[in-house]
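Undergrad: For the protein sequence lines, the chains are X and L, in the order given. Going by this note's numbering, the first sequence opens with residue 664, and the numbers climb by one from there. Going by this note's numbering, the second sequence opens with residue 839, and the numbers climb by one from there.
Since the hints were derived computationally from the structure, they do not count as laboratory data. Please note: incorrect hints may appear among the correct ones.
[Stated by the list, open to error] Ranges between beta-carbon positions, derived for each pair: (1) 1087/L / 791/X: 18 to 24 Å; (2) 853/X / 854/L: 32 to 38 Å; (3) 800/X / 1141/L: 39 to 45 Å; (4) 945/X / 938/L: 48 to 54 Å.
[Claimed, not checked] Derived lysine to aspartate or glutamate pairs resembling EDC-like cross-links, with alpha carbons at most 20 Å apart: (5) 892/X / 1082/L; (6) 746/X / 766/X; (7) 825/X / 766/X; (8) 746/X / 676/X; (9) 825/X / 773/X; (10) 892/X / 1044/L.
Beta carbons are placed, not taken as given, at the ideal position from N, Cα and C, and that holds for glycine.
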Amino acid sequence: MEPLMPDETYAVEVNGLVKDFPAVRAVNHLSFNVAAGEIFGLVGPDGAGKTTTLRVLAGVMAPQAGSAMVCGSDVVRDPEAVKQHISYMPQRFGLYEDLTVRENIRFYADLFGVSRREREAASARLLAACGMSDFQNRPAGTLSGGMKQKLGLVCALIHTPKLLLLDEPTNGVDPLSRREFWAMLYDLAGRGVTIVNSTAYLDEAERCHRVALMHRGRLLFCDQPDRLKQRMPGAVVAVTSPVASRLRDELGHVEGVSGALLIGDAVRLFVDDAARRIPEITRVLDSRGVPYDEVVRVTPSIEDLFVNAVTALER
Amino acid sequence: MAAGVFAPGPDSISVIVEDLVKRFGAFTAVDHLTFEARRGEVFGFLGPNGSGKSTTIRILCGLLRPTSGRARVAGYDVAREPEAVRQHIGYMSQKFSLYNDLTVMENLRFYGGLYSVTGALLRERIAWALQMAGLEGREHRRTAVLPGGWKQRLALGCALLHRPPIVFLDEPTSGVDPLSRRRFWELIQQMAAEGVTVFVSTHYMDEAEYCNRLALLMRGRMIALGAPSELKLDAVQGDLMLLEADSLQRAIDIVRLLPQIRDTAVFGNGLHLVVARAAEAENAIRQAMAAAGVGIVRLQVIRPSLEDAFVALTTRASESEAEARP
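Only chain X is shown next, with the shape it has when bound in the complex:
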């Protein structure tokens, strides 16, 4: 482990964090650091420990062991100081369904002690950024799922936190709204706000600057998405075919192919050596008369890496 840097370098420092619940160890010796202005993703399925980690960082839940520093303050010894620096958006953000968009924003602005002038400026800017300027007088209860999530973010950002903690913020949000949501996050990060967010979807992980892949309370990997993919042993080859299911069965037993995954009209093949196996795969398909579009080496996905690591763990 590298020596710890001075406080101002890291917005978040987590060391050996442990959190137990009656029947389960939700977080199991977790350590990671997040630099200021970084978008950091906690990525993993339900039960991986993402929400618990965020709650500890928000200073609303004390760990059994280990430490967590947030913007230089200790979450256990000084949770109130932590709360000054952060904004936390839980999975179910408390919007008042019978209040309008404007009224909800106003409520949170008052809660955070934001002045009227600051509030008006921030509110106009944030609503424009997420395409909601025309919805200010709509009751929150009548908004679609995606809009509710965006309003939650607007409320969480009505003051300017140093650290933004988001628990599965894009759950149930469509891809277009998700892009707008992420554009807002990138903008914030560009202005120096640190963001720690969680997601169960591995394709969401690609958008983070750095991710911690979590499984049952433990950290599997922590790195930039691009570098994570390079850690996948072997290579992944994709073949698209009108008879993808048959193709999968034909190729499952070819030498050097350790797995074949049918995904719609494509098959993903896990091979030891792409350069060597692609010609062989092509030859097998041609000789057996299986129609296909092309056989190409593709970048492994984070899901490929995750499945590979978890399979190895459970073996």
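Once you have looked at the hints, place chain L on chain X.
TA: Below, chain L without anything else, positioned relative to chain X:
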């Protein structure tokens, strides 16, 4: 498409939707929708919130009467024979409508009763469901304590106890670990190969990739229909490029001013750029970046993802709608 798996003929169509309309007061939730789904097809609905996905599925499940138009599901008319439709479909939502305080076996028996499957047939189907879901030996576990992936397969088993020819899955693998998710989709694709028609509605592109065909809905209309690979090819007009630079923020400011760049989106440490012609755009980008003194780490043409396709198609549809307005 060379449909090797599915025998052609009148029986090969399991869902027919013709000019379907559903209005709620002044609001048109489903706006003249027409499509067919073949037996054994995995058919996906994609669309922004409020695009009409859920309304369409509720109509196809016989839960909601259409305002006009026609839909036949497994040979039954959804408006005139909704009970028959409901007997021939299975439905599984992301909330897995299981009883947490019941055991695995009790949940299966409960759903058997609901679908009027009884006696020896029920025992046989329960044995099948347990085997399919990998829950043999865990019959007497309380559902609440099962891991997410197991719950999900149990919910699927419950939804399939009456062997429906058509199943509807609503964001079926939300929150499930990737290993269980892959196993789930193996099961679904196997069922499809045996002739079950599967409808999936989702926001998640990794779920959508598993579909044979995708219908992209927006404001109740279908704006695209095709295999994931076709949509990816057709949707992005021009080329898609990836740009990584020393300073992402400065790179954004530079490329946004270039006329060759139609659209930019940040992706982690890089930018996705939609351009008319890659070669032309590459020159312009390199020149502009060099002039500003920002280093290029990577600049290359990439294949559009399904999400790129989704965003391109929905943006184009809303632009042409805006133009059509007076």
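Undergrad: Would you pick out the hints that fail for this structure and give their numbers low to high?
TA: 2, 6, 7
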